[in-house]
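Below, each chain spelled out in residue letters.
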Amino acid sequence: AQRVTQPEKLLSVFKGAPVELKCNYSYSGSPELFWYVQYSRQRLQLLLRHISRESIKGFTADLNKGETSFHLKKPFAQEEDSAMYYCALSDNSGYSTLTFGKGTMLLVSP
Amino acid sequence: DAGITQSPRHKVTETGTPVTLRCHQTENHRYMYWYRQDPGHGLRLIHYSYGVKDTDKGEVSDGYSVSRSKTEDFLLTLESATSSQTSVYFCATQGGNNQPQHFGDGTRLSIL
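Residue numbers (the numbering used here), protein chains in the order written: chain C, 1 to 110; chain S, 1001 to 1112.
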């Protein structure tokens, strides 16, 4: 069975500090990985998907198949980055259901 | 986002009553999903649909049923609500394989 692990429930950093939100997965096939962000009491929004290899709001994430990881990084955190971040995996089956990690709350202090 | 409307946005009801949540989309997306969001659990899939009248169970389907009679509507029903079903429920849609899922604003449901 596929599984997504986000080891940190809470990550607290100061403005301007680098950020790395960890995500590890277990899946026997070739997965597709996503990062979603949820600002306070809002809907989940897609932040990144690994196949697009783009940078959104200064965030990047690289799929490391050897370490089965998809960590989210940003060199300089901003206060507006404070949110809940979810890593998710799609098994690329016909229905592409998502398996989510439990989420990491990022708090950026001034 | 993807024209997804969830109704109601908030509901408080009593144990044992039936509850139906509605997800309406205007993007003609084939796939639709219902998730529940709980602290410490992230999002968990309840049911999903891959077309009109085609549905299947997710990870936490017990106590829930769904129906999809039209492409644009996906209903989630709690036949007899229990306090353990107090949660925030999110609907999501997906246009096709290998497309990202888009989420609605959520329904906050409290079962007293």
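Hint data in this document are derived by calculation from the structure and do not stem from the laboratory.
Among the clues, some could well be false.
Claimed, not checked - Partner residues are not named here, just some residues of chain S that face chain C (Cβ under 8 Å, in silico):
hint: 1; residue: L1043
hint: 2; residue: F1090
hint: 3; residue: N1098
hint: 4; residue: G1104
hint: 5; residue: G1106
What the hints assert, rightly or not - Pair ranges (Cβ atoms, derived):
hint: 6; chain 1: S; residue 1: S1083; chain 2: C; residue 2: R41; range: 17 to 25 Å
hint: 7; chain 1: C; residue 1: E8; chain 2: S; residue 2: G1051; range: 33 to 41 Å
hint: 8; chain 1: C; residue 1: G58; chain 2: S; residue 2: E1027; range: 45 to 53 Å
hint: 9; chain 1: S; residue 1: V1052; chain 2: C; residue 2: S52; range: 39 to 47 Å
Unchecked claim - Dumping the calculated DSS-like pairs for lysine-lysine here, alpha-carbon to alpha-carbon at most 30 Å:
hint: 10; chain 1: S; residue 1: K1057; chain 2: C; residue 2: K73
hint: 11; chain 1: S; residue 1: K1070; chain 2: C; residue 2: K9
hint: 12; chain 1: S; residue 1: K1011; chain 2: C; residue 2: K9
hint: 13; chain 1: C; residue 1: K15; chain 2: C; residue 2: K73
hint: 14; chain 1: C; residue 1: K9; chain 2: S; residue 2: K1057
hint: 15; chain 1: S; residue 1: K1057; chain 2: S; residue 2: K1011
hint: 16; chain 1: C; residue 1: K102; chain 2: C; residue 2: K57
Glycine residues also receive a C-beta, built at the ideal position from the N, C-alpha and C atoms.
Evaluation of the provided hints:
no.	hint	in the structure
1	L1043	holds, 4 Å
2	F1090	holds, 7 Å
3	N1098	holds, 7 Å
4	G1104	holds, 6 Å
5	G1106	holds, 6 Å
6	S/S1083 with C/R41: 17 to 25 Å	holds, 22 Å
7	C/E8 with S/G1051: 33 to 41 Å	holds, 38 Å
8	C/G58 with S/E1027: 45 to 53 Å	violated, 29 Å
9	S/V1052 with C/S52: 39 to 47 Å	violated, 30 Å
10	S/K1057 with C/K73	violated, 34 Å
11	S/K1070 with C/K9	violated, 39 Å
12	S/K1011 with C/K9	holds, 28 Å
13	C/K15 with C/K73	holds, 14 Å
14	C/K9 with S/K1057	holds, 28 Å
15	S/K1057 with S/K1011	holds, 24 Å
16	C/K102 with C/K57	holds, 22 Å
Figure legend: structure checked against the earlier numbered hints; hints not met, in rising order: 8, 9, 10 and 11.
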